Amino acid sequence: MTIEYSLRRRATHARYFAIVLLCIAAVVLVATCFSLPAIAGKTLDYLQQFQGARAETGSADGRDQSLGPEKTSDWLQLFALTTLVLGVSSVSFACFLLGKTAIMEMQLAGRLYGIADALCIAGNDLGQLEKAVVFLVPKGQGSFLNSKVVSTEDTKALLEILRKLR
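First residue of the sequence shown? That's 107 in our numbering, and the numbers climb one at a time after it.
What the hints contain is simulated information worked out from the structure, not anything from laboratory work. Source: prediction; values computed, not measured. Just so you know, not all the hints are guaranteed correct.
Pairwise CB distance ranges, derived in the manner of DEER restraints [to be verified]:
#, residue 1, residue 2, range
1, ARG269, ALA132, 56 to 64 angstroms
2, PRO143, PRO244, 40 to 48 angstroms
3, CYS129, THR108, 19 to 27 angstroms
4, PHE156, TYR122, 41 to 49 angstroms
5, HIS119, LEU203, 18 to 26 angstroms
Cβ atoms here follow ideal geometry from the backbone N, Cα and C, with glycine treated the same way.
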């Protein structure tokens, strides 16, 4: 097995992993959107039952009676709303992290494919390998030509290598 083959295999695995991560993030977001109304409804029903039971039985200490039913109701609704917002924001942040990881895996796959191609083109010459890597390996965000200045001599050398391969 050559190193080019193992690089291409790792790149393929990285792409599959990125696809799985994006699918998981999409399923979690869709499930959250569908389950959020049910969770909110159950939370409000529970709070109404809790307030009803609290109003009927009263409290042993005088603190809750001094607040009044309206004040207690506002605090419970604020607590329920804050809990729901924090739950949705944590799910959203988790999906963001899954998506970011998937993007990094896709970039890794592109780089690995580029390195494998550069190794195939260059053979045993390290100078040609460096020139091929400049052209074939993406540098991340933005154009790969912006990150490193490529001279016309390097371009001619790479074209000469490619002509020899044909």
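message: Name the hints, by number, that the structure is in violation of.
response: Result: hints 1, 3 break, sorted rising.
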